[in-house]
Amino acid sequence: MTQTQSQKIEEKLYQNRYRVEEGKPHITIVPEKATAQELKMMAAICPAACYEETENGKVEIIPDGCLECGTCRVVCQGTGSLTWNYPSGGYGILFKFG
Amino acid sequence: MAEKFDVIVVGAGMAGNAAAYTLAKAGVNVLQIERGEYAGSKNVQGGILYAQAVEALIPEFRESAPLERHIIEQRIWVLNDKSYIGTHFRSDNFNEERPNRYTLVRAQFDKWLNGEVKKAGATVITETTVLELLKDETGKVNGVRCDRENGEVRADCVILCDGVNALVGSRSGVRKEINSKEVALAVKEMHFLPRDVINERFNIQESEGVVIEILGTVTEGMLGTGFIYTNGESLSVGIGVIVSDLMKNRINPSTLLEKMKSHPSVAPLLKGSEVKEYSAHLLPEGGYDSVPELSGNGWMVCGDSAHLLNAIHREGSNMALTSGRLAAETYLELRDKGQPINAENLKKYNQKLENSFVLKDLKKYRRMPHIMLENKQFVTMYPDLLAGAAETLLRVDGVDKKTKEKKITKDFRSARGIFGLVGDAFKLVRAWR
Ligand SMILES: Cc1cc2nc3c(=O)[nH]c(=O)nc-3n(C[C@H](O)[C@H](O)[C@H](O)COP(=O)(O)OP(=O)(O)OC[C@H]3O[C@@H](n4cnc5c(N)ncnc54)[C@H](O)[C@@H]3O)c2cc1C
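First to last, the protein sequences are chains A and B.
Mapping of the first sequence onto the UniProt record's numbering: residues 1 to 98, in sequence order.
Mapping of the second sequence onto the UniProt record's numbering: residues 1 to 433, in sequence order.
One or more of the hints may lead you astray.
Unchecked claim - With a Cα cut of at most 25 Å, we get these calculated DMTMM-like pairs of lysine to aspartate or glutamate:
#  : chain 1 : residue 1 : chain 2 : residue 2
1  : A       : K40       : B       : E220
2  : B       : K261      : A       : E10
3  : A       : K96       : B       : E63
4  : A       : K96       : B       : E233
5  : A       : K24       : B       : E37
6  : B       : K259      : A       : E10
7  : A       : K40       : B       : E177
8  : A       : K24       : B       : E152
9  : A       : K96       : B       : E315
10 : B       : K181      : A       : E52
11 : A       : K8        : B       : E220
12 : B       : K248      : A       : E55
13 : A       : K24       : B       : D147
14 : B       : K271      : A       : E11
15 : A       : K8        : B       : D81
16 : A       : K33       : B       : E177
17 : B       : K4        : B       : E37
18 : A       : K8        : B       : E258
19 : B       : K248      : A       : E38
None of these hints come from the bench; they were simulated from the model.
Start from the sequences and build out the full structure, keeping to the hints where you can.
What follows is the structure, encoded as C-alpha cells:
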C-alpha cells in the first residue's frame, strides 16, 4: 500500500474513539510466520491500515486503530501466522454511531 | 459469579437484545453478556431498520426508539466511472401512520433497545467478553467462560448472538469457521450535514428519507455494493466487498470508498459534509449454504452469528431480531411444557426459522452468492454496457434511432456474445426464482 493511502486511513481513524489497553495487543503476528502471503495481503486490505510490510519482507502489526472487523482473522485462518482475540471487555473501538 | 441463570444470551446486538427482551418479559432469569462498553459500541449497520421485526417485540417502539427518518424513496444506481443508470421508486404511501422502514444509527438504537431489555428485568453485564461455552460431563452446554476473574457462569441454555465472527461457537467446537468467500467487508463513514441541506439535496421534507443502493465499477470488478442512506442530520456512506475478492485484488476498501465519494454523481450529495466516524464490519453473505447448525445440546445461535442475512435485499437486522425472538420463544415453550433443554427439543428453533421468512428467503436466493462470485461480468461489463446504451439513445446527434439500436445490440454482443447474454439472463432468472 502506498504511503498516502495508509496516511489517509490514519486521518480517518483520528475521528474515532478508542480505549487502548496498554501493553496488551489483541492481535499479534507469530514471528516465524511474519512473511506469510496472507499477512502481505492484510498490509493492502486492512481497513484500519494496522499492517505494514517492512523492508526485510516481514509484516508488522500495530492494532491500536483496529476496527475489530475480523477480516485478518478470516484471511489468515489456517496459516498459523496470527493470534487473534477480541480486546479485553470494554477496550478497543468505541463506536458513537456505528 | 456463583449464581446460576436460566438462560445466558451472548451479545447485545439486534439478535441478543431480541432474545433477552423476550425472555425477561416472560419472567425468565436471564443474563446477557456484552463485550462493548455499552450495547452498540461495537456494532455497525448501514442502516435500514424494518419496523415489523421490532414491532413483534415492542409494538409501540416508535414512541421511544431513536429513529432517524422513515424511507419514502429507494434508488438503485448502476455506476460506471462517469454515469449512473438506475431506478427510483418513491411513494407517498410510505408516508403512513406506522412507516415500514427507517434509517437508524446503530450505536444509539442498540443502547435504547438494551435499555428496554434491562427494564424488562434481564441482568446485563457489559465490558465482558465470552471466551467459550462450558459443558457438563454429558457434553451438554451449561454455561460460558468470560474474560473475568472467576468468569464461569452457569445456565440451562446459552443463546449465541455474538455476531458475524461467531468466535464463541467455533472456539467451542460447535461449528465451523467462516471463510473469505462467504463474508463481505464493509467500510462506512458518517457524513454530517444540516437537516435542510439533506432535505434539499434529496428532494424530501421533514423526516422523510431516501436510500441509494449502488452497484457497478466502484467495486473495481469485485463483488460488492455501496450505499448512501439519509439520517436526520447525517448521511451514512459505505461500500462492501467480498473478502476473497479483496484478497485477490489487494485493494483497500477505504480506497473504494474514496473513489465512490468522488464519483461525479455522488460528490455533490456529500459536498461540505463533516465526517465524524469511520467504521468497518463484516457481513455474512454466503446465504443458505453457509448457515451453520442452528442449535445443539443446550445452545441456539441467532442473527449474523448464524449467517442469517439476505444480501440481495440488505436484510440482516430483521433476521437477527426475528431469530433472537424465535430462539427465546423456543426456550419458553419448552419451559412451559417442562421439557428438557436438549439437542432434540431445541430443533424446534430450527423448525421455527424454516417456517419464517428468515430461512424461506435465504433458501429462495440460495444460488445467488455462488453465481455472483463466479460471474463477475455482472459487476464489470454490464454497468458500462447499460450506461453506454442509455447515452447512445439519449444523445440527439443526427444519427437515426435504428442505427443507434443496432450499435447498442452490437456493443452487447461483442462484449458478451449472444450465448453469454442468454446464459447470464438464464442464470439470474434461475437464481431469483
Ligand atoms: C455496513 C453494514 C450495513 C448494513 N446495512 C444493513 C441494513 O441496511 N439493514 C439491515 O437490516 N441490516 C444491515 N446490516 C446487517 C446488520 O447490521 C446485521 O445483520 C445485524 O447487526 C446482526 O445483528 P446481530 O445481533 O446478529 O449481530 P451484531 O449486531 O454484530 O451483535 C453482536 C453483539 O455481540 C457482541 N459480542 C460479540 N462477541 C462477543 C463475545 N465473545 N462476548 C460478548 N459479546 C460479544 C458484540 O459486541 C455485539 O454487540 C448491515 C451491516 C453492515 C456491516
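Now for the hints, and whether the structure bears them out:
Between K40(A) and E220(B) the alpha-carbon distance is near 20 Å, which keeps this suggested pair within the 25 Å criterion. Pair hint K261(B) plus E10(A) holds up; C-alpha atoms about 18 Å apart against a cutoff of 25 Å. Under the criterion of a C-alpha separation no larger than 25 Å, the hint pairing K96(A) with E63(B) is consistent with the structure, at around 22 Å. Between K96(A) and E233(B) the CA atoms are separated by roughly 15 Å; this keeps the pair inside 25 Å, and the hint holds.
Under the criterion of a C-alpha separation no larger than 25 Å, the hint pairing K24(A) with E37(B) is consistent with the structure, at around 18 Å. At most 25 Å may separate the alpha-carbon atoms for a hinted pair to count; K259(B) and E10(A) meet this at roughly 17 Å. At roughly 22 Å between alpha-carbon atoms, K40(A) and E177(B) fall within 25 Å of each other, so this suggested pair holds. Note on K24(A) and E152(B): the hinted pairing holds, with a Cα-Cα distance of about 22 Å set against a maximum of 25 Å.
A distance of roughly 22 Å separates the Cα atoms of K96(A) and E315(B); the hinted pair therefore holds under the 25 Å criterion. Between K181(B) and E52(A), the direct Cα distance comes to roughly 24 Å. Compliance with the 25 Å bound is thereby established for this hinted pair. The straight-line distance between the Cα atoms of K8(A) and E220(B) is roughly 19 Å, inside the 25 Å bound, and the hint therefore holds. For the given pair, K248(B) sits about 22 Å from E55(A) by alpha-carbon distance, which is consistent with the 25 Å threshold.
At most 25 Å may separate the alpha-carbon atoms for a hinted pair to count; K24(A) and D147(B) meet this at roughly 14 Å. With a C-alpha separation of about 19 Å, the suggested pair K271(B) and E11(A) falls inside the 25 Å cut-off, and the hint holds. At roughly 22 Å between alpha-carbon atoms, K8(A) and D81(B) fall within 25 Å of each other, so this suggested pair holds. Taking the CA atoms of K33(A) and E177(B), the gap is about 21 Å. The hint holds against a cut of 25 Å.
Distance hint between K4(B) and E37(B) is fulfilled; the C-alpha atoms sit about 24 Å from each other, no more than 25 Å. About 10 Å separates the Cα atoms of K8(A) and E258(B), which keeps this hinted pair within 25 Å; it holds. The straight-line distance between the Cα atoms of K248(B) and E38(A) is roughly 10 Å, inside the 25 Å bound, and the hint therefore holds.
No hint from the list above goes unmet by this structure.
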